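K.L.:
Each chain, written out:
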Amino acid sequence: MERRCPYAPPAEYDRIRAENPVSQVELPTGKRAWVLTRHEDVRAMLADPRFSSDRANPQFPALVDNTRMREAFKPSLISMDPPEHGPARRAVVGEFTVRRMEALRPRIQEIVDQAIDDLLAAEEPADLVTHLSLPVPSLVICELLGVPYADHEFFQQHSGRLLSRETTPEDRRHAVDQLTGYLDKLIVEKEAAPTDDLLGRQIVKQREDNNVDHEALVSLAFLLLIAGHETTANMISLGVVALLEHPEQLKLLRDDPGLTLSAVEELLRYFTIAELATTRLATEDVEIGGVLIKAGEGVIGLSNSANHDPAAYERPDELDIARGARNHVAFGFGAHQCLGQNLARMELQIVFDTLFRRVPSLRIARPVDELDYKRNSTVYGLHSLPVAWT
Amino acid sequence: MRITTDVDRCVGAGQCVLTEPAVFDQNEADGTVVLLTDEVGGEAAERVREATHICPAQALSISD
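Line by line, the protein sequences give chains A and B.
Going by our numbering, 112 is the number at position 112 of the first sequence; the sequence numbering is gapless.
Going by our numbering, 59 is the number at position 59 of the second sequence; the sequence numbering is gapless.
Derived from the structure by calculation, the hints contain no laboratory data.
Small disclaimer: the values here were computed from a predicted structure and weren't measured.
A few of these clues could be false.
[Said to hold, decoys possible] Facing chain A, a subset of chain B residues (Cβ under 10 Å, in silico):
{"id": "1", "residue": "Gly12"}
{"id": "2", "residue": "Asp30"}
{"id": "3", "residue": "Gly31"}
{"id": "4", "residue": "Glu43"}
{"id": "5", "residue": "Asp64"}
[Said to hold, decoys possible] Residues on chain A that point at chain B, a partial pick, calculated with CB under 10 Å:
{"id": "6", "residue": "Leu46"}
{"id": "7", "residue": "Arg50"}
{"id": "8", "residue": "Phe60"}
{"id": "9", "residue": "Arg89"}
{"id": "10", "residue": "Val92"}
{"id": "11", "residue": "Gly324"}
{"id": "12", "residue": "Cys338"}
{"id": "13", "residue": "Leu339"}
{"id": "14", "residue": "Arg345"}
[Said to hold, decoys possible] Between beta-carbon pairs, the in silico distance windows are:
{"id": "15", "chain 1": "B", "residue 1": "Asp64", "chain 2": "A", "residue 2": "Arg254", "range": "24 to 32 Å"}
{"id": "16", "chain 1": "B", "residue 1": "Gly41", "chain 2": "A", "residue 2": "Phe154", "range": "36 to 44 Å"}
{"id": "17", "chain 1": "B", "residue 1": "Arg49", "chain 2": "A", "residue 2": "Tyr149", "range": "39 to 47 Å"}
{"id": "18", "chain 1": "B", "residue 1": "Gly41", "chain 2": "A", "residue 2": "Lys185", "range": "50 to 58 Å"}
{"id": "19", "chain 1": "B", "residue 1": "Gly41", "chain 2": "A", "residue 2": "Glu26", "range": "51 to 59 Å"}
{"id": "20", "chain 1": "A", "residue 1": "Arg105", "chain 2": "B", "residue 2": "Leu36", "range": "15 to 23 Å"}
{"id": "21", "chain 1": "A", "residue 1": "Ala295", "chain 2": "B", "residue 2": "Ser61", "range": "35 to 43 Å"}
Note that beta-carbon positions come from the ideal geometry of N, C-alpha and C, so glycine has one too.
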């Protein structure tokens with residue numbers, strides 16, 4: 001369903017939520033699935049271990065046929081259920097604690113400053129997506145995984161190709177192969193001499209636990225690359241548009257930089273760009289919102305609808321950066337809630353703070369309703385964002 | 001207000017630490033919750049209540 005105006009959730013969400021909050025739909029694959037639209041129901045479903053994340057299960061309500069990706073990789077965290085999921089998540093979640101993310105702050109600040117230097121050195125109008133939104137998360141992932149500086153360009157080039165709409169399916173497969181090959185080789189090198197970064201520490205940990213699994217590390221590295229790249233990039237672009245389009249909100253933020261944390265939460269709630277990540281499969285009969293969902297039936301917890309539920313938020317379609325919207329489900333809920341959420345928060349805070357401070361005259365160089373939105377992507381966002389500042 | 005945690009349920013999302021860092025911390029090894037104090041009052045109690053509500057694993061509980 002398309003978003004309105006152009007970034008509010010589809011109007012149908014309000015209607016379905018009011019009239020038939022737990023209803024069934026037919027998916028593009030021909031399968032049927034339940035759709036949950038209320039904040040309370042989406043939270044209840046995601047917190048309930050009777051709903052499975054096993055995307056390899058043929059009954060899983062996939063929106064597209066992803067057989068090839070499933071064959072290429074070992075199941076990663078997002079597809080695991082108990083009892084495998086808990087220990088696998090715990091093995092890596094220590095890398096994403098609030099304290100560890102705080103330690104990355106100075107390096108992320110450098111990356112953001114460098115990207116803004118590059119943007120300001122470009123000819124106007126310049127594309128914010130190319131100069132800022134994509135390079136920042138890409139270089140932060142390089143930093144986190146311990147990709148050597150000399151390989152940054154290769155890494156960015158292929159991950160950019162993987163994510164670009166211009167890429168043909170064949171070139172995309174090629175980019176997946178190149179990146180997987182690269183990560184495989186990188187991990188082999190780190191196995192020979194473990195470095196002090198996420199992958200190096202995972203290797204040491206696997207050895208200590210007598211649980212050496214090279215393929216699982218390649219799969220984890222690829223997941224972190226994909227999950228942390230386009231999502232953050234799209235939130236940067238959309239956040240910049242939303243703040244420039246709400247000058248009174250931007251002024252609040254400029255007058256009180258202490259509001260950035262709350263502004264990031266509100267932007268996450270407002271856009272909820274990965275609304276289909278919260279899809280599950282019932283493994284037992286479960287009642288949700290007064291409706292019996294039977295074992296074997298698929299469920300889509302429509303997080304964008306949940307985050308615009310008037311029962312959970314006053315004036316839900318209004319952007320209010322001072323709202324303090326901490327209970328949103330933009331990162332999901334339950335045991336699978338986004339592993340990298342505190343990294344994403346930090347990147348977004350630093351980008352918005354630095355960009356609007358360093359480039360106070362920033363403006364969008366095209367009417368907002370003519371921008372190139374990712375209307376039919378799994379992750380909502382912008383393909384490009386022409387901006388000017390002089 | 002008294003706080004108890006269920007470390008077995010905890011998924012290390014760190015939402016509690018973001019909400020009330022004077023009460024919650026995370027274990028460096030596996031990201032799970034560490035309580036810095038199990039009794040709070042005043043404004044901190046409100047933030048602990050919020051942390052309990054937003055915890056994705058529902059691993060925190062409070063009692064008066």
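K.L.:
Hint by hint, say whether it matches the structure.
P.N.:
Against the structure, the hints come out as follows:
1. Gly12: This hint holds: Gly12(B) lies near chain A, its Cβ roughly 4 Å from the closest one there, short of 10 Å.
2. Asp30: holds, 4 Å
3. Gly31: At 4 Å from the nearest chain A Cβ, Gly31(B) passes the 10 Å test, so the hint holds.
4. Glu43: violated, 14 Å
5. Asp64: For Asp64(B), the interface hint is violated, since the closest Cβ of chain A sits about 22 Å away, which is over 10 Å.
6. Leu46: holds, 8 Å
7. Arg50: Result: violated, 15 Å to nearest chain B Cβ.
8. Phe60: violated, 21 Å
9. Arg89: Hint holds; Arg89(A) Cβ to chain B Cβ min 6 Å, cut 10 Å.
10. Val92: holds, 8 Å
11. Gly324: Status holds, d = 9 Å.
12. Cys338: holds, 8 Å
13. Leu339: OK, holds: Leu339(A) within 10 Å of chain B, min 8 Å.
14. Arg345: Arg345(A) check passes; min Cβ-Cβ to chain B is 8 Å, inside 10 Å.
15. Asp64(B) to Arg254(A): 24 to 32 Å: violated, 41 Å
16. Gly41(B) to Phe154(A): 36 to 44 Å: With a Cβ separation near 55 Å, Gly41(B) and Phe154(A) fall outside 36 to 44 Å, so the hint is violated.
17. Arg49(B) to Tyr149(A): 39 to 47 Å: Roughly 46 Å apart at Cβ, these two residues keep to the hinted range, so it holds.
18. Gly41(B) to Lys185(A): 50 to 58 Å: holds, 56 Å
19. Gly41(B) to Glu26(A): 51 to 59 Å: Cβ of Gly41(B) to Cβ of Glu26(A): about 53 Å, so the range 51 to 59 Å holds.
20. Arg105(A) to Leu36(B): 15 to 23 Å: Cβ of Arg105(A) to Cβ of Leu36(B): about 22 Å, so the range 15 to 23 Å holds.
21. Ala295(A) to Ser61(B): 35 to 43 Å: violated, 30 Å
The structure fails hints 4, 5, 7, 8, 15, 16, 21 (numbered hints given earlier, in ascending order).
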